[in-house]
Every structure is written in C-alpha cells, then in structure tokens.
Amino acid sequence: MEPALELTGVGKTFGEVRALDAVDLTVRAGEVHCVLGENGAGKSTLCNLVFGSAALDEGEMRLYGAPYRPRRPAEALRLGVAMVHQHFSLVPELTVGENLLLAERARLRPPDLTGRVKAIEEEYGLAVDLAAPVAGLPVGERQSVEIVKCLLRDPRLLLLDEPTAVLGPAEVRALLATCRRVAETGRAVVLVTHKLGEVERAGDAATVLRGGKVAGSGPLAGFSRDELVRLMVGRELADLDPLLAAGLDATEAPAPRTPRETAGEPVARLRGLRLRSDHGPDVLDGVDLELRAGEIVGVAGVEGNGQSELVAVLSGALSADEGVFELDGVDLTRAAPAVRTAAGLGVIPEDRHHEGCVTGMSVAENLFLGRLREFRRFGLLDRKAMRAGAARAVAEHGIRASGPDAPLHTLSGGNQQKVVVARELALDPLRLLIAAQPTRGLDIGAVDAVLTRVRDAAARGAAVLVVSSELAELLTLCDRVMVAYRGRLLGPVAPDAPGARDEIGKLMLGAAT
Amino acid sequence: MRRDLLVYGGAVLVAVLVGLALAAGGGAAPDVAGRALWDGMFGSPYAFGSALNTTAVLALIATGFTIAHRAGLVNVGGEGQMALGGIAATAVGVSLPAGTPAVLALTALLIAGFAGGALWAGVAAWLRVRRGVNEVITTLLLNFVGLCLVLLAVHEEALLRQPVTSADTLPQSEPLVEAARLPLLGPPESPATIAIVLAAVSVIVAALLLRHTATGTRLTAVGMSEPAAARLGLPVGRLQAGSLAVAGGLAGVAGATLIATVPYVLAEHFTSGYGFTGLVVGLLARGSLTAVAGISLAFGLLASGGINLQLAAGVPAASVQVVQSVLIICVAGAVIFRKGAAR
Amino acid sequence: MSAFAELVDGGVRLAIPLLVASAGELVSERAGVLNMSVEGIMLTGAFAGAVGAHTTGSASAGLLCALVAGLLAAALQAVLSVTLRADQIVTGVAANALALGATTYGARLYFTEGRTVPGFDPVALPLLSDIPVIGPALFDQSVLGYGCVLLTVLLAVLFGRRTGFGLAVTAIGADAETADRSGLPVNAVRFGAVLLVGVTSALAGAHLALADVHAFTDNLTAGAGYLAVAAVIAGRWRAWPTLAACAFFGLAQALQFAAPAFGIHLPTAVLVMSPYLLAVVAVSGLVGASRAPAGLTRPFAREARA
Numbered sequence: 001m002e003p004a005l006e007l008t009g010v011g012k013t014f015g016e017v018r019a020l021d022a023v024d025l026t027v028r029a030g031e032v033h034c035v036l037g038e039n040g041a042g043k044s045t046l047c048n049l050v051f052g053s054a055a056l057d058e059g060e061m062r063l064y065g066a067p068y069r070p071r072r073p074a075e076a077l078r079l080g081v082a083m084v085h086q087h088f089s090l091v092p093e094l095t096v097g098e099n100l101l102l103a104e105r106a107r108l109r110p111p112d113l114t115g116r117v118k119a120i121e122e123e124y125g126l127a128v129d130l131a132a133p134v135a136g137l138p139v140g141e142r143q144s145v146e147i148v149k150c151l152l153r154d155p156r157l158l159l160l161d162e163p164t165a166v167l168g169p170a171e172v173r174a175l176l177a178t179c180r181r182v183a184e185t186g187r188a189v190v191l192v193t194h195k196l197g198e199v200e201r202a203g204d205a206a207t208v209l210r211g212g213k214v215a216g217s218g219p220l221a222g223f224s225r226d227e228l229v230r231l232m233v234g235r236e237l238a239d240l241d242p243l244l245a246a247g248l249d250a251t252e253a254p255a256p257r258t259p260r261e262t263a264g265e266p267v268a269r270l271r272g273l274r275l276r277s278d279h280g281p282d283v284l285d286g287v288d289l290e291l292r293a294g295e296i297v298g299v300a301g302v303e304g305n306g307q308s309e310l311v312a313v314l315s316g317a318l319s320a321d322e323g324v325f326e327l328d329g330v331d332l333t334r335a336a337p338a339v340r341t342a343a344g345l346g347v348i349p350e351d352r353h354h355e356g357c358v359t360g361m362s363v364a365e366n367l368f369l370g371r372l373r374e375f376r377r378f379g380l381l382d383r384k385a386m387r388a389g390a391a392r393a394v395a396e397h398g399i400r401a402s403g404p405d406a407p408l409h410t411l412s413g414g415n416q417q418k419v420v421v422a423r424e425l426a427l428d429p430l431r432l433l434i435a436a437q438p439t440r441g442l443d444i445g446a447v448d449a450v451l452t453r454v455r456d457a458a459a460r461g462a463a464v465l466v467v468s469s470e471l472a473e474l475l476t477l478c479d480r481v482m483v484a485y486r487g488r489l490l491g492p493v494a495p496d497a498p499g500a501r502d503e504i505g506k507l508m509l510g511a512a513t
Numbered sequence: 001m002r003r004d005l006l007v008y009g010g011a012v013l014v015a016v017l018v019g020l021a022l023a024a025g026g027g028a029a030p031d032v033a034g035r036a037l038w039d040g041m042f043g044s045p046y047a048f049g050s051a052l053n054t055t056a057v058l059a060l061i062a063t064g065f066t067i068a069h070r071a072g073l074v075n076v077g078g079e080g081q082m083a084l085g086g087i088a089a090t091a092v093g094v095s096l097p098a099g100t101p102a103v104l105a106l107t108a109l110l111i112a113g114f115a116g117g118a119l120w121a122g123v124a125a126w127l128r129v130r131r132g133v134n135e136v137i138t139t140l141l142l143n144f145v146g147l148c149l150v151l152l153a154v155h156e157e158a159l160l161r162q163p164v165t166s167a168d169t170l171p172q173s174e175p176l177v178e179a180a181r182l183p184l185l186g187p188p189e190s191p192a193t194i195a196i197v198l199a200a201v202s203v204i205v206a207a208l209l210l211r212h213t214a215t216g217t218r219l220t221a222v223g224m225s226e227p228a229a230a231r232l233g234l235p236v237g238r239l240q241a242g243s244l245a246v247a248g249g250l251a252g253v254a255g256a257t258l259i260a261t262v263p264y265v266l267a268e269h270f271t272s273g274y275g276f277t278g279l280v281v282g283l284l285a286r287g288s289l290t291a292v293a294g295i296s297l298a299f300g301l302l303a304s305g306g307i308n309l310q311l312a313a314g315v316p317a318a319s320v321q322v323v324q325s326v327l328i329i330c331v332a333g334a335v336i337f338r339k340g341a342a343r
Numbered sequence: 001m002s003a004f005a006e007l008v009d010g011g012v013r014l015a016i017p018l019l020v021a022s023a024g025e026l027v028s029e030r031a032g033v034l035n036m037s038v039e040g041i042m043l044t045g046a047f048a049g050a051v052g053a054h055t056t057g058s059a060s061a062g063l064l065c066a067l068v069a070g071l072l073a074a075a076l077q078a079v080l081s082v083t084l085r086a087d088q089i090v091t092g093v094a095a096n097a098l099a100l101g102a103t104t105y106g107a108r109l110y111f112t113e114g115r116t117v118p119g120f121d122p123v124a125l126p127l128l129s130d131i132p133v134i135g136p137a138l139f140d141q142s143v144l145g146y147g148c149v150l151l152t153v154l155l156a157v158l159f160g161r162r163t164g165f166g167l168a169v170t171a172i173g174a175d176a177e178t179a180d181r182s183g184l185p186v187n188a189v190r191f192g193a194v195l196l197v198g199v200t201s202a203l204a205g206a207h208l209a210l211a212d213v214h215a216f217t218d219n220l221t222a223g224a225g226y227l228a229v230a231a232v233i234a235g236r237w238r239a240w241p242t243l244a245a246c247a248f249f250g251l252a253q254a255l256q257f258a259a260p261a262f263g264i265h266l267p268t269a270v271l272v273m274s275p276y277l278l279a280v281v282a283v284s285g286l287v288g289a290s291r292a293p294a295g296l297t298r299p300f301a302r303e304a305r306a
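First to last, the sequence lines map onto chains A, B and C.
Under the numbering used here, think of the first position of the first sequence as 1, with each following residue one higher.
Under the numbering used here, think of the first position of the second sequence as 1, with each following residue one higher.
Under the numbering used here, think of the first position of the third sequence as 1, with each following residue one higher.
Isolated chain A, as found in the complex:
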C-alpha cells in the first residue's frame, strides 16, 4: 500500500535560517507517526508545510500517492488533511457550535451538526457542549473541540502539533488514547512532540529532527530511549543533567536532588489574593503562599487555572481585587512596577516578546531600560557607559549577539531570554524572582543556561517562584510544588516524595488533598 504522506528532500528557508533541509518522511495509514525533536528543530515548520500555512522551497510531497502541494490551509483541508494546533484554532468570541460550523461552512446545517457531533462522541468518546462559548472553556475541553473540529471533516491525515504542551497528565493520557483510536480507523496520524514518554506510549514509528535535518527514522520498536535522546539532542542520556532529561520526559522518576538548606527567613507573603472576572468565576480565588529565602517553589497546573494571572498580579500588570502581597514586610499589592523592582522583585515574564523585552531595541537598551537614571551625564544619556555595562553582561551570561548595540530581534529566542534573565538577576537586592514558563520554546542549551541562573538566584538567597507547564522540570528543580486549580493553589507536594507525580496529576484535576 502506498504511504499516506511522503516527503522527499523537503527544504525550507526563512531569511538566513535553514529551517528544514532535505527532509524525508514516510507516514502510513493506520499508524501514529511521531515527529520528535527539541525546540527549533523544525517540527512546526514541517507541520505548516503539510497544512499549507507555508510553502516549501524545494523537494516534493505526496498524499496517498498523488503529488501534494497545498498553497493554503483551505486546500489542505479539502484534500483531507486536518491539523490540531498547539494554541488551538478556535475563535474565542464564538460558541463551540459556531466554531464547528465555521469549519464546515455552508455544508452543514445546525441540526446535522448535532448528529455528526453525536456520532463522533460515540466513536471516540469526545464530548463537547455545542452551546458553550469557547472563551469560558478550560484548556482540555478546548482541545477536545479542536479535535472534533478536525474529525468533522473526516480527514485522511491528522496532524497534531505539540498537543500535550498545555495539558495535565490525565488529559495527556486521554489525548494519546484518542490518537490511537483515530489511527485504528485507518487514518494516518502525525504526532509532533518533544516528549519521549508520549512517543513510547502512543507511537508506531518515529522520525527525529535535529537542526532541520532528519537525524533518524523508522519503527519505534527499533529505537531505544537512549538512542532517541542521542538523535534528538546529540548528547548521551547518561551525560544529560537530570533537569534537562526531565524536560524531555526521558526519565521515569525525578532524579534525586542534592538536598539544600532551604529554611531561610520568610521573604514574601501572599494572603487571600483574589482577582474577579467579568464573566464567570474568580480567576484568582484566594491565593495564600509564603516564600522563604533560598527556596524554589514551583506552580504546576493545566494552563488557564490562574497561573498567568497570579504572575500578572505579583508583577503589577493586573491589580488584585482583594488580598495582600508583601515583600520583606512591605505591602506591594497596589504598588507600581517600578516600586516592586526597587523592592527587589525580579520577573521573567511568560510572554517574552510581548512583555519581557522590546525586540526593536538594542541589547544594551533592553538591559538598562528600567535604570536609565544611572546612565545620565549632563542631562544626556551616557551611551558609552551603557554599552560597557551591556558588554559585561553579554560576556557574563554567554549571550550570543553581534554586540551590545544589536537589536534584540536579531538574537535567537534563547539568547533573548538570556537577556531578560540577565536584566532581572542584576537587581540589587534581588529578594524574590518570579519565572513564568522560563524555558518555553527554548533549545536545550538555552534551557540549561536559564535554569542554572534560576538556581543560582536561589543559592544567593533569593526566594524563587517558578510557574511552568513542564511538570518534570518542576519536580527536578523545586523544593516544593504547588498546583494551580481554578484560581487556587493546592498542595504543597514534596517533589522527592514517592508518587509525587501522580499526586500532582490528581491535584491538577482538583482532587482534595
């Protein structure tokens, strides 16, 4: 039988970046084919080419034997290719039913839709509420809607781009089961991920990408875990820092951490923080937490349970409706960001491009934007001193940039994040560091650098709060892990306690401790 999808010699270049280079890929109908690779390996580009969101520069694609070269997603959809996007392709302003109709346009009337959705529910166990507005849905349910939206089209090939990145363990299990069921109906499934654990649970075959090239390919039975890790990151699993191995989901249990003296004096106190929402329940529903000097506290949870808002409230981007946030006994609940910074609060924001840095400005300007006062001479800005200071930071943090005057958008994502980290760690004093999704989208070298700095901050006596959807990372990094659930913090869970992972998984679903 001819393969469902076949790529030969596919290449794609963005500006100076060679995103894909001579990639071959063969996916058979009825199998779950995993595309593995770390961030920046070219996985998303591959998906975009197959789905018609981008055009390939060279090579050819075949879909069930026929030459295939979609110029836009509409064309891919018409030919039976559907895709589940990492951050979903649902219009939040519309209801679930309207979103599904959108996908089908004139071909379906609302009554038919109900029937079709019912059939999909019976076949795959995916239940959705057609009348619910998408904006109010938890992430897991949004993903169900997204998958139903794809299945409504009865696709021959289903692509899933990092579908598990924002889910909790239980939802991941359900998703992987759905993938298997879809494959069993004779369709081809391409699952893109960087988690080895998922690959082993759901995949039939795998193709590993590294730096835009195929590092290895074949039936999964033919690969050991060590081999997959080596293909993905070019290092031996045994040599990998446990923290990085955890990020790849390559270890069963978190490695034993070197025990640290964590009982420093209390630094920050959160009491009864509440943030109301215009529609629906409170986004933060009474958050209490105490952070001690030198301690790293993690916040896990399925996305959309108030973690982002908690960071926003602590950093001053949103103002809490109730409750108190104190740093060293000073009430900062309503303080302006500048006051918080002066009090020793460093923040590595979740959305680097949006909030973390100004990509149009230089490395030096980004490093010192909040402290320009220190660089004044005769009322004018002392650019020479800024440049010198920036050059020091660039050297110290191993930032790869053409110089202190390089605009930030010329740096890779990992190096941009290093600039943000360098800026926040330069605070004196640094009493509390908040890191939100600090490693999201970074390659393994940058992950290493960023997490090392975060650990250093704690070692120097700062309290650290890490919010992350990478559970394995939290388990290896933190002294205790809290779980965000519907605007509250559950836990704590001690990461080295036996069964910590399962415990956290249960808390993510709201189970009482």
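Be aware that one or more of the hints could be misleading.
[Stated by the list, open to error] Derived coverage of chain B by chain C (criterion: at least 3 residues anywhere in the stretch with Cβ under 8 Å from a Cβ of chain C; other residues may be distant):
hint, stretch
1, 137-143
2, 150-163
3, 258-266
4, 275-289
5, 311-319
Honestly, the hints are just simulated from the structure, not real lab data.
Backbone N, C-alpha and C define an ideal beta-carbon position, used for all residues, glycine too.
Given the coordinates of chain A, work out where chains B and C should sit on it, guided by the hints.
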C-alpha cells in the same frame, strides 16, 4: 536601504507624473506650469519668504507628530490644535497693554499658543490614557470642533471679533498689538519671520531629546512595546500623554506664528490645511528629524509654488494636495517591500 | 411644519447617508478592516454622481457613475489595506485628502457654469406619509433614499450573527489566523468587505449630492464620513446601537437648521460643531476598548516562521 531609496524615488516619480498630468489637465503646458511653480517658490523675495513661513509651520507640526509617534501615538489633530493655539495666541495678542516689551509679548503669545494646542491634544491624550480611546479618531473629530471654535470666536463680538461698525466688517479679530508681531527676518519685501528660527530650534531640541536623553529612549520603548515598558516600570501613561500634549503644543505654536504674521489677525480658515500637510511631512519623515526639516522645506516651497500655479497658470491649487496625498499613499503602500529588505 | 417635525425630517434626511455608509463600514470593521476613507469615497461618489447627472441629464446615470467611482476608490483602499498590508489609518486619511484635492480640482475644471445638477425627487408613499410628524419624515424620501434604507436592512439581515456570512466575517475579524486555518478565504472576504464599503459610501455620497442638495460643492461631505466611522465605534460594532448613533448624529446635524424654529438662538458655529462634539463624547463615553474586533486594522499574511 537601497530598497528605501527605490521606494522613495518611485513615489516621487509617481507624484511628479501626477502633478504634470494635473497641470496639463488644468490647461497649462509643462513649461508654463514649471515656470509658474518656480516663480512661486524662488521668483521673488515675497514668494520665498512665504515659503519659509509655511516651512516653519509644517516643521513645527511634523516635529510634534514625530515626538508623539515615537511613543506609538498618531496625532492627526494638527489642524484643530493649530486652531486652538491660534485662538489662545490671539486672545493674548490683542489684549496686551500697548507698552509691553516685544520679548515679553512674543513669549506670552507663544506660550499661549503652546498651551492652547497642548490643551486640545490633552483631551485626546486623557481619553487615550484613561479610557483607552484610540487617539486617531478623537484627534480627528476634535479638528472639526476646533475649526468651529475659530468660526465662533471670529463671529461673536463677545469673543474675539473686532467691533462691528458696518455691514462690511469682516468676521475676524482685531489686529495684534505691535509688540506681539513676529519680527521679520530679512528685507521688508519678504514676509519671512523668525518663525523659521523657532522651528529650527524645535527640530534640533527634539532631535536631541529623542536621540540622546533617557526620556527619548523611554518614549521609544513605550512606542515599541507598551506592556514591556510597563513591566520595566516606565510611566507609560504619563509618557504617552506628555508626548501627545507636546505634539499639540507645537501645533499650537505653529498656529500662533500664523496669527503673528501678516495680516496679524485671527480669521476663518487661517489654518488652511497645514495641519494635514504637517502630518504628511511627519509620516514621510518616518521618525527622522533631519527628514522633517528637509521635507518641510520642500513642501513649504511646493505650497507657495502651488498658489502661484493657480494665479499664473490657472491650475487649481488643489493639485498640490493631490500630489502630496499620492506621495504618502505610495510610500505607505510600499511598506511590505521595505519590510522585505529588513529580513 | 412644526418645529419638531422639521427637526425629525431633517434628521432623517441627514441620517440616511450616515446609516448606509456605516452599515458597510460595520461589516468591514467586523471583518477587521478599518476604512477612514469612508469620507473620501463618499466625496468621490458625490462628485462622480454630480458629474454623471450633469453630463447626461439623468440622475440614475449619475448614480451609476457614483457607484463605479466608489468601487474604484474602494478597490484602491482594499489593495492598500488588504493586499499590500499598509497602515489602514494612514492610507485612509491620505485617501481622503486625495479625494478632497482631486474632486476640488475636478470641480474647478468641470463645473464652470453653475453647480446644480438633476437629482432624485421625493416620492411620498401613499397612506404612510400621512402619519403625522414621522410620516413625511420617513416616507417622503427619494427613490435613492429608500434604496439606501433597503440596502442597510439587507446588510443587517445578511450579516447578522446567526448567518453563515455573519459567522465567517466575525471569525475573520476576531482572529484571521484561526479563520484561515479553518479554511476561510480571509483576504478575499476582507477585500470584498472594503468593496462593499465602496458601494455603501458611494450611495451615501450620491444621496448627499443627488437627493439632498442637488449640487456639488467643494468638500460637500464635510466630515460626514468620519461621523459614519464614529457611529460604528460608538455603536460598539453592533447593528442597533450603530443605527441609533447614526440617527443621533443626523438629528444633531439637523438641529442647525431647525434650531430657530425651536426658538433656540445659538451661533451657527456651535450648531455645526455639535455632531462632532457628540461623536467625541459618544466614542469616548461608551466604548470599552475590549469590544473592538480583535483583529481590527491588523493585516493578515500567512507567514509561518521557523
């Protein structure tokens, strides 16, 4: 950079062609139209002097536009801000006691103009910062209100209208007192005033401010990313409101210089669309104050030449406006080609 | 006619062009494209309508000219906003200046003797127009006026939230990328929406020139197009509130003619500025910024990055 030159060269070429077509449509042969245009620019001290005065007005408005644009705001309210600046300047200029020293009178006049314009822009700034209302739509609508306020001021004796003595009394203000008139720069047959010096100083100060001060860097940060600027503790609202108010203030000063130039009165339509032309200059200059100075001069000459084009060659002066808007449409429309170069 | 009837009559007459123009603009903004150039397209339509009617002696031919000119002007705006992804506000304002300059220039050359043109005369609908006060105001319009209202109703029905069109437009305006991934032709719909603005704005301009003043004067629209855009913003991108805003602005404009009949003696300038002042108040008082379509003024390009 090469693509930039191509885009600008192409835009100018298209604009020139359109201009030639319009001149021909108006019944003027290219050489006649060209001669009329040239005479209107450099043909006499009068022509060149009025071109310089217009240049000053445009440069002031475009400088303000550039400052606000650095903070991410688009000020399309130059016309209304000029109107308010003019009204404020007139109110001061007609009511100063006769013996006021010129330095004092002029300072008072310009400060009044700045305050008037800043106040008018301040309305839009306040709405933007406090209520999140887009400043483009508010500054635009406030233009109409501002122009009507001029109308009101010159038609009501209780306000600024000169005493009505007969049915022929024009709806305009009394002339400014002697001391509040801008001194001439050169020979008496040229109307050029020190406004051009004022504009040059503003351009230089603004260039220094934007390039070499902490405030300038902060404005840039706010313009490029509001959330990041806020995260880093910059007073985003204050910077935005301040920059828009300064933009309005400079437009107000431009209005004041118009009032303090011959015939020294506030009259209907005294702003004559300079607010829009200043906006065009600001947009074309794309943040460079050197470009503001150069384009202002070119447009000032063009405006003066356009008037002569109508007088001497019978080509409607509106063709200058057409040429300017074609220019801006070409440059704005070519943005994706320039972005391609940046990658 | 009583003062009140006069006010309502003038208000409706002035509201009709705002209504039809903002109906098209509402659709376009919900699809994510802001057209400041409504003003310029109205003016273009008014000018072309007047020239056509004057040349042929037929108001209908004038209307046709207005529509063609409006479509051409809108096509220019669509190429700029959608295809070339230029700044919508900047090009819109510039297009208005172009329209003002070009029509002023054209009028200088074309209307050398007299600027009055043949137009559409009112047609009183039997019975309905006999209703006191609102009868003559609503049901004594020209064919063009009825047409404008009809088109507005049609657009409201066609692009309502529940229809397929409405759904597609809402999705495209809210999140163009998602709409694209769902298989909707994002840029084609947006292009079409801007062309629709061309039709509605040209109708509005033609109504001013051919059904209202029966003449073309320089800058005939005098900011009415901006009022139409302001009405959409003040109406929070919803049909009924936008309609209410148009009616309100129409009445405010009519007040400058009807005020003396009410015994109100305010300077003309105050009355002329009142609709704009009200528009500022409406835009700033009512709008929660969150209401705007999330993708408004954001051009769409399918550029997947590495």
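Violated hints - listed by number, lowest first
3
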